[in-house]
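Asker: Required output: the full structure, derived from the provided sequences and hints.
Spelled out from the first residue to the last, the chains are:
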Amino acid sequence: MKDVKETLDRIVPEPAQMSDWDAVLREARPRRRSLTIQLAVATGVAALAALFVVAPWKGSERVGILDRALAAAGDGPVLHVVFRGGWGGTLVDLKSGERKPVYGEREVWFDPSRNLVHQISRFGGVVENEEVYERNAGDRELTALWRDYRPALEKGTARVVGEDVVDGVPVYWIIVRAQMLSDVADHKDHELAQQVAISRETFKPVAMKYTRDRHALDNEVEHILRFETISVGEADFAGDPAKSLSGVAVMAGSDPIELSQASEVLGHKPFWFGQEFAGLPLTQAQEAYSATGRHEESLVTGARAAEIRRCIHAGARARNLCRHLPGAEIRGDRVYMRGPVQWSPRHTGLTLFYGSVGDNPTTFKKEDTAPLYDQPNIVLSEKTDRENVGSLLGPASLAYQPPDGSVLLMPGSGYLVRDGVYISIRAADEKNVLEAARALRPMS
Amino acid sequence: MRVSRGASVAELERLYRADFPRFVRVATAVAGNEESGADAVHDAFVQAVRNRRSYRGDGPLEAWVWRMVVNAAKKRVSREQPSAPEEQTASHENGFGDPVRSLIASLPEQQRLTLFLRYYADLDYEAIAATLGVTTGTVGATLNAAHAALRSSLKEAHR
Numbered sequence: 001m002k003d004v005k006e007t008l009d010r011i012v013p014e015p016a017q018m019s020d021w022d023a024v025l026r027e028a029r030p031r032r033r034s035l036t037i038q039l040a041v042a043t044g045v046a047a048l049a050a051l052f053v054v055a056p057w058k059g060s061e062r063v064g065i066l067d068r069a070l071a072a073a074g075d076g077p078v079l080h081v082v083f084r085g086g087w088g089g090t091l092v093d094l095k096s097g098e099r100k101p102v103y104g105e106r107e108v109w110f111d112p113s114r115n116l117v118h119q120i121s122r123f124g125g126v127v128e129n130e131e132v133y134e135r136n137a138g139d140r141e142l143t144a145l146w147r148d149y150r151p152a153l154e155k156g157t158a159r160v161v162g163e164d165v166v167d168g169v170p171v172y173w174i175i176v177r178a179q180m181l182s183d184v185a186d187h188k189d190h191e192l193a194q195q196v197a198i199s200r201e202t203f204k205p206v207a208m209k210y211t212r213d214r215h216a217l218d219n220e221v222e223h224i225l226r227f228e229t230i231s232v233g234e235a236d237f238a239g240d241p242a243k244s245l246s247g248v249a250v251m252a253g254s255d256p257i258e259l260s261q262a263s264e265v266l267g268h269k270p271f272w273f274g275q276e277f278a279g280l281p282l283t284q285a286q287e288a289y290s291a292t293g294r295h296e297e298s299l300v301t302g303a304r305a306a307e308i309r310r311c312i313h314a315g316a317r318a319r320n321l322c323r324h325l326p327g328a329e330i331r332g333d334r335v336y337m338r339g340p341v342q343w344s345p346r347h348t349g350l351t352l353f354y355g356s357v358g359d360n361p362t363t364f365k366k367e368d369t370a371p372l373y374d375q376p377n378i379v380l381s382e383k384t385d386r387e388n389v390g391s392l393l394g395p396a397s398l399a400y401q402p403p404d405g406s407v408l409l410m411p412g413s414g415y416l417v418r419d420g421v422y423i424s425i426r427a428a429d430e431k432n433v434l435e436a437a438r439a440l441r442p443m444s
Numbered sequence: 445m446r447v448s449r450g451a452s453v454a455e456l457e458r459l460y461r462a463d464f465p466r467f468v469r470v471a472t473a474v475a476g477n478e479e480s481g482a483d484a485v486h487d488a489f490v491q492a493v494r495n496r497r498s499y500r501g502d503g504p505l506e507a508w509v510w511r512m513v514v515n516a517a518k519k520r521v522s523r524e525q526p527s528a529p530e531e532q533t534a535s536h537e538n539g540f541g542d543p544v545r546s547l548i549a550s551l552p553e554q555q556r557l558t559l560f561l562r563y564y565a566d567l568d569y570e571a572i573a574a575t576l577g578v579t580t581g582t583v584g585a586t587l588n589a590a591h592a593a594l595r596s597s598l599k600e601a602h603r
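Here the protein sequences line up with chains A and B, keeping their order. With the numbering used here as the guide, the letters of the first sequence map in order to residues 1 to 444. With the numbering used here as the guide, the letters of the second sequence map in order to residues 445 to 603.
Hints listed in this document are in silico derivations from the structure and should not be mistaken for laboratory results. All values reported here derive from a predicted model rather than from experimental measurement. It cannot be assumed that every hint is accurate.
Just some of the chain A residues that point at chain B, by a computed CB distance under 10 Å [unchecked claim]:
1. LEU8
2. ALA23
3. VAL24
4. ASP183
Positions of the beta carbon are idealized from the N, C-alpha and C atoms, including for glycine.
Answerer: As structure tokens, then:
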């Protein structure tokens, strides 16, 4: 039999393909059993019956809720939603200490017939980023609101599972999609569900959450500030390429300078906390620089564009097909190939480090020192111009500007504007950031 | 009423990770090329995860999955028939024993599958029988017939 085995080995050698279990799970999960069956399995018919008996939204009233939710969802071909997600900060008035939240939001128009999305991201109401792109499967909120929400109401598979108050708005929570999935950790099945909260007054969605066994994952609730389905004519798919951060590359660095060079480097009289603040000495001044770049792009048409579309839409399973197509991107109904990065002129700024310095391991000179960020420190960064790169280079790179006399607190840092200088303060905690912001004064 | 034992995702994952190369090799042999073979294995495991509760436990889980892999690979063959001539040309160029390949292709389907499961998947007679839904005696007889046909072909090819 050895000759047969050798011959067969020659004809089909050991495969070179890589396994991809995640891809299997991704494809297996979306088409699971229907919500009705899932719920019946998960909780049993008796449990469902109990729900109808004890719940205040029982019987015909419950049906009425879902009917009214369906009517409020509208039947326009384009979905228009404004989400308020988990990112944001707190604006603090430095004199009064008054605090108010500043939220990040995203406004989305989604046309399923073209699979096209126009998304505007705003922080404190100011546009930070704007993109027009083909929807990808990873956009859980859009998927839930378009593919799951209305169909679940239409088919009658949606279920009211509770009442609540979200941001002061009384709501009903509705499960619009549920799956029983095994967890390799405990070898048990768990219910993973997409829930949508509808206002008890308008019956429109006002929040959504993803739950495991009815508990919100990561305690995250996505707020929906606006929900409507509109006509194609009412929708906005124009976009502003100048506001797009897609494909933006960022480079940044810093070099030590003498403190006497600070004004020259900044191009403005710098602010500081004096030679020492909160027991931390000013030990290093730096010239900070940054630049943004965008890839050159060329429009691809015809057979080549069709090949790229096929490749990208085939997803992970088409690894071999896509290997020779690096840098291709589909935006709207167009296909682009990316070229090299074109960099903007450098922006320079000033950084003052308060804390300990030690030997700089990147140079051979004994006199060179580097800030020790693992010891207590406060970092003050200032610049007179800035690129809008979201918060990639810290909050001072946001298009949003805090009003005079206030500081925007974000995790680990604060951001304020004084006399045309954009200032960011990094410190161990919020108390230190606020104390430092109050202590700022022009360098003497 | 028959109660399904069901298979867990963890069991399927273990099988997938442990035996992926063997699955791909058999699927490649059936489907005609490695890419289709890998796709067939992917499709089969997607089906296995989706339908895991229908696994009744009256045979090895491995055989239940092998059946899905073989079926997925067979589906790929029927779906991709038009491209077959091109692939045959390529195999000539690769210098693989073309007369043997042709002979294997001309064997009855049951013989081919039995050969692949025996030599590429390294399954024993019992597992092959469970996979193909036949008795172990039939597996032995089928393998004998396939060996006889192949040996005579190999002798001719070496003359």
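Asker: Would you check whether ALA23 (chain A) satisfies its interface hint, that is, whether its CB is within less than 10 Å of any CB in chain B?
Answerer: 7 Å, holds
Asker: Return the status of the interface hint for ASP183 (chain A): holds when the least beta-carbon distance to chain B is below 10 Å, violated otherwise.
Answerer: 9 Å, holds
Asker: Under the criterion of a CB-CB separation shorter than 10 Å, is VAL24 (chain A) in contact with chain B as hinted?
Answerer: 5 Å, holds
Asker: With a cut-off of 10 Å, does the beta carbon of LEU8 (chain A) approach a beta carbon of chain B closely enough for the hint to hold?
Answerer: Holds. Min distance 5 Å.
Of the numbered hints given earlier, the model fails none.
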